[in-house]
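Residue strings, one per chain:
6 protein chains.
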Amino acid sequence: MYRVTVRGHMMVAHSLADPFFGPAQALHGATYVVEATFSRRELDDHACVVDIGAAGEALRAILGELTYRNLDDHPDLAGRLTTTEVLARHVADRLAAEPLAAGLDALDVVLREHPDAWAGYRLELS
Amino acid sequence: MYRVTVRGHMMVAHSLADPFFGPAQALHGATYVVEATFSRRELDDHACVVDIGAAGEALRAILGELTYRNLDDHPDLAGRLTTTEVLARHVADRLAAEPLAAGLDALDVVLREHPDAWAGYRLELS
Amino acid sequence: MYRVTVRGHMMVAHSLADPFFGPAQALHGATYVVEATFSRRELDDHACVVDIGAAGEALRAILGELTYRNLDDHPDLAGRLTTTEVLARHVADRLAAEPLAAGLDALDVVLREHPDAWAGYRLELS
Amino acid sequence: MYRVTVRGHMMVAHSLADPFFGPAQALHGATYVVEATFSRRELDDHACVVDIGAAGEALRAILGELTYRNLDDHPDLAGRLTTTEVLARHVADRLAAEPLAAGLDALDVVLREHPDAWAGYRLELS
Amino acid sequence: MYRVTVRGHMMVAHSLADPFFGPAQALHGATYVVEATFSRRELDDHACVVDIGAAGEALRAILGELTYRNLDDHPDLAGRLTTTEVLARHVADRLAAEPLAAGLDALDVVLREHPDAWAGYRLELS
Amino acid sequence: MYRVTVRGHMMVAHSLADPFFGPAQALHGATYVVEATFSRRELDDHACVVDIGAAGEALRAILGELTYRNLDDHPDLAGRLTTTEVLARHVADRLAAEPLAAGLDALDVVLREHPDAWAGYRLELS
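Residue numbers (the working numbering), protein chains in the order written: chain B, 39 to 164; chain D, 39 to 164; chain L, 39 to 164; chain U, 39 to 164; chain S, 39 to 164; chain H, 39 to 164.
In short, the hints are calculated from the structure, not lab data.
Quick caveat, the model's predicted, so the values are computed rather than measured.
Backbone N, C-alpha and C define an ideal beta-carbon position, used for all residues, glycine too.
Do not rely on the hints blindly, as some may be mistaken.
Across the chosen pairs, the derived CB separations fall in these ranges [claimed, not checked]:
1. Met39/L x Leu138/H: 20 to 28 Å
2. Gly117/S x Leu138/H: 26 to 34 Å
3. Gly60/B x Pro113/D: 30 to 38 Å
4. Met39/L x Ala140/S: 25 to 33 Å
5. Ala134/L x Leu163/H: 27 to 35 Å
Next comes chain B alone, as it looks inside the complex (with noise of 0.2 Å):
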């Protein structure tokens, strides 16, 4: 199997409106670096999983829409629980949505929050 990661970043507020989160209840925000990885048992025509470029790309404009916001006020966010798992979740859904994703084996979206805690969704797509 082979697999290419891109990585981009986002700057976001947000509160978690839970007392489960505790201090993170309050409106606070995020560094999110985020790696997609793609993967697929056989390479393209051109040796490449994907156009690494286009998969940059494509990261980077989804990740465009969420960057310097608060995603309590994000149409596609606000109501729920914001948390690191459910955000890689809906990056790699958009991901999967894209041309680019057609004949992808799995998508893998990690987000790193801070040094010591990260949080990711794997999409198996065969």
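Fit chains D, L, U, S and H to the given chain B structure using the hints.
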């Protein structure tokens, strides 16, 4: 599949008493940077894999029993070959026995011993 | 010249209310990974620049007053442009007022805001 | 499942002779930081996945045949599209032919080409 | 003293035509991860050292003239020993000629060539 | 001012025999990742600060005398408080005595002991 990773570290002395290990037979030491990954097919009611705060505390409590120690004298490890692989399993087994491991599909522990070497153990739980 | 660095982080929301900042005028957020470096010409009686445990605690206490907050509402920062440079100085000035800064020759604080950008402030103390 | 990773690097020139690759059709170069992961269900008699010293030497010997070279002129690679994916497989196949690969369940090789892009190949061996 | 750092990278081929460089006399390549640090005693009217967006664009424009190239054929560098030190100075001198360098006290450029080696050049401007 | 940095590491046991150090009074260990920076106002005839290969070998030779050892028993260090600051100076002083230090303006050594703490020593040579 969702996953969450928390990170900690420990600073230990040990020796590897087998000629196979060459200079590492002598008493020496290491900083192990430890990453514990918790995987779960579906999120819980708080949109989480685990309570990330509790996960970090559980990891640090386990590492706290090992750090600032000579593992050659540690009751759980004396007389054993404390390779990085063995230590990764030790930490994974200890985490798997914690209440927060209930409902997980896998637990994975990596120990980074220097910039060019690390080892891990993956425990399938479902 | 000797030096010791300790690291922590904070997760904050803020906005930069000046058209100069383009999209960063909107409420957004950041994880700031903070490195505080303490410099001293000669070591103390314990062969240290500072008590590294106390230095880490002092840094984390200062960051603890900022993390999980919207800096736009923070009493020390409301109405100010909280650029990374300004925040680096804020942390450095706070550390310089701590008893552990006695005898230091310099204090230097770096805030890393994303993988491709960071800022710092250096305070000469002697 | 246990695993051990060793890391090395190589510094090569190459070109990607297909219009698909845009500016990378021109002769350029890369530092590839290479991580090779060896996986095994059970540990050997020395409580190891592999002899980590031998694994590092094997990886560095394979990279030593590629580094400080123009891959366009390399006997194993001339006339091929040396994408990161192809190079990852080349290294993995070479490692799999080494005596130390006996008994492994998987071999995984990652090549990091710059901070925001990397690729890998995983070889299932059992 | 305040400072701001922006980061970029370039992927180049080159050779070092002097027997002193051993195997690096052959045509090979490197990914250089480039960090440019801008220092200034006082902040500007926007509480900044420089416009960080403009600084990143200036750095990437300079690197864009070098990346995906064989430096042996580059008009500015052909016939020179393009050691990492020389390349760091080239980038620093180019940044110092940009309008955004007005009022700076220092410019510092680091080029990371592999995980265990990097080089830099510091230009005092005041 | 130009500079070149090379990196290595060592894995040692030691204890800090003073109540000031709390739990670190016990025998424990560390991986120290060591960065040695060589600074020089002008480049030599090969457009270098130092022969980077020789610099890396000199650093690794010095670290090779310390690694896989208990520093409490090391002839140069027994009876001393081997804080990270002291070890940084030890490595810097040893490098300064090497022939390759001739003509340098400064030597700077950093020892990283875990992700959240490091220390260094800077030796002005001119």
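Right, here's what the structure says about each hint:
no. : hint                            : in the structure
1   : Met39/L x Leu138/H: 20 to 28 Å  : holds, 22 Å
2   : Gly117/S x Leu138/H: 26 to 34 Å : holds, 27 Å
3   : Gly60/B x Pro113/D: 30 to 38 Å  : holds, 35 Å
4   : Met39/L x Ala140/S: 25 to 33 Å  : holds, 31 Å
5   : Ala134/L x Leu163/H: 27 to 35 Å : holds, 30 Å
The earlier numbered hints are all upheld by this structure, with none contradicted.
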